[in-house]
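Number of protein chains: 2
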Amino acid sequence: MNQLTKRKQLIKDWIYEAADKSKQSFNQTINIEEKTNRTDLVTNIDKEIEQFFIEKINAHFPDERILGEEGSGHQFTDLKGVVWVIDPIDGTLNFVKQQYDFAIMVSVYKDGVGYLGYIYDVMKNELYFASKNQGAYLNDKPLKKVEDTPLREGLVAISHRLMTSKINDDAREIGRASSGVRMIGSAGLETTRVATGKLVAYIGASLAPWDIGAGKVIAEELGLIYTQLNGEEIDMLKYNKTIVATPSAHKEIRMNYISKTEK
Amino acid sequence: MNQLTKRKQLIKDWIYEAADKSKQSFNQTINIEEKTNRTDLVTNIDKEIEQFFIEKINAHFPDERILGEEGSGHQFTDLKGVVWVIDPIDGTLNFVKQQYDFAIMVSVYKDGVGYLGYIYDVMKNELYFASKNQGAYLNDKPLKKVEDTPLREGLVAISHRLMTSKINDDAREIGRASSGVRMIGSAGLETTRVATGKLVAYIGASLAPWDIGAGKVIAEELGLIYTQLNGEEIDMLKYNKTIVATPSAHKEIRMNYISKTEK
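Each protein sequence line maps, in turn, to chains V and H. Take 2 as the starting number for the first sequence in the working numbering and just add one per residue. Take 2 as the starting number for the second sequence in the working numbering and just add one per residue.
Isolated chain V, as found in the complex (with noise of 0.2 Å):
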C-alpha cells in the first residue's frame, strides 16, 4: 500500500477531529432516526461523521473505495483493490442514550485482506491500532499478545439479540459456561476488550462489514480468532454471526455450544 506512514498519520488526526464532532453534538439537538427497529438507530451525526471519512478519503485517495455504514461510499460486489470500511459510530444507542461506550471504525482492506485497523473509544480517549504483521497498539503503546483462556475461567460478551432470544437458549448456554456475560453494546468495544484480555470471548447476532473490519486485523494481530459462529471464514460482503474469542474458548464455543442449525 503506497504512502503507508502518511497514511497511518491521516487516519489518527481524521479519527480525533470525527471524534471532537461527535462530543460537540452532546450539546446540540441531534436528529434521530429509526433504520429496521426502534433499536437500530441512525443520528445526523454518525451520516456526518461518515461524509467527513469519504471527503478525505476521496480527496487524498482518489482511486480506493468506500464502504461505510451508512450507505453514502460505494457499492460493491468484489473487494478488489483498496476498500476503507467506516463505521463512523459504532454503538449509535449507546451514543444516543448513554453518551458513553461508543466508538469510531476505520479499517483498510486491500483485495480482502486487512491491512490497518482503529477502534477509537472516544470518550475514554483509547486509540486501539493494527497494522498486518506489524503488531496491535494502544496510545501508541504496544499490546500484548492474549493469553488462551478457556471459556470457563473468563468472561463473555454476547449481543442483546441472542441472549434475549425467545427460541434460543445457546447463548445464555455459554454464558453459563463462563464465568459470567458482560454486554457493552458496541462490537467494536467489546472486541476491544477480548483483544485486551478482559473477556475470553465476544459474539456477535448479525454485524456487517464495518461491524467486523477494524477489531478483526487487531484481534488477529493479538492470537484471537474472529470467524463466523459456524467456524467458517468472516464475509466482508454480507452480514455475519461471529465469535471473536481466544483459540480454546473459540473451540470450545464452536464444537459445544452451537445448535446443529448453526454449524
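FYI, nobody ran anything at the bench for these hints, they're computed from the structure. Do not take every clue at face value.
Given that identical chains are not distinguished, each listed pair holds provided it fits within a single copy or across any two copies.
Only pairs whose alpha carbons sit at most 25 Å apart, straight line, appear in this in silico SDA-like list of lysine to any residue [what the hints assert, rightly or not]:
| no. | residue 1 | residue 2 |
| --- | --- | --- |
| 1 | 22 | 151 |
| 2 | 142 | 99 |
| 3 | 7 | 206 |
| 4 | 125 | 21 |
Using the hints, position chain H against chain V.
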C-alpha cells in the same frame, strides 16, 4: 451525625488510599478464593481493603458499628445507631478478570436511614457521592435529577444470574421491552449509570446490604426509586432481589414483567 465535614473529608481520603492499594495489586500475585461458587470470588485485596477501612473507622469513630462484605466487621441483628456499610471491592470478578469496572463503596446509615453514600469507580477515577437531602455529585460536580424516561426508551442493566436463568424468562422479557440490555457486573457501577441517566433501570438478583448501601443514597437523592423487585422496601439486614429505576420504568417493570410468584 457529629463531625460531618471532617467525616466526609476522611472518607474521601480513605477511598483514594484504598483505590491505590487495589491498583498496586495489579503488579502482584493476588490470592483468589471461591466463596459460594466459582464466580463468587474474594481476593486478599478485598480483605486487606476492608481491614484498612475497619482500622480507620475504629480509630476515628470507635463507637460506630461496621457492616462489611468480607465479614471482618460486626454481626448485626438491628441497624440502631450509626452503621458503616463497606464494600471493599464491588465487582470482584471484574477486578480479577478485567482489572476494570470495579468500585469501592462506603455508606453511613443512622438508625437504618442512609446519610452518606460513596461509589468510587477506581479505573475511571469517578467518585459518586451523595448526602441525604444535600444532593449528589460526581467528582464534586453536582448531578442533575434524572429524567423520568420510560422503559421502552431506555437501556437496562440486569444481573448475569437473571439474564441466563433457565427457568424464568422475566428478565429477558424486560430486556426485550427496553431499548437494550447492558451488563457491567458491578452493582455499584450499574447504579451509577442509572444515576446519570445512561440506563433507566438496574435489576439485581441477590444484593447484600454492602452492594446496596451507597447506591441507594445516591439514587434516591436524584429522584430514582430503589426497592426490592416486588416493590417492598430494601431490607438492609438480608439479601434482596432489587430494582433501581426511574419512577416510570420502576412502575412498568413491577406491574408488567414480574411473575406472580414474585409479587
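We went through each hint and held it up to the structure:
1. 22 to 151: neither (40 Å within a copy, 29 Å between copies)
2. 142 to 99: between (28 Å within a copy, 18 Å between copies)
3. 7 to 206: For residue 7 and residue 206, neither the intra-copy (36 Å) nor the inter-copy (52 Å) Cα distance is at most 25 Å.
4. 125 to 21: Answer is both: 13 Å inside a copy and 20 Å across each meet the 25 Å cutoff.
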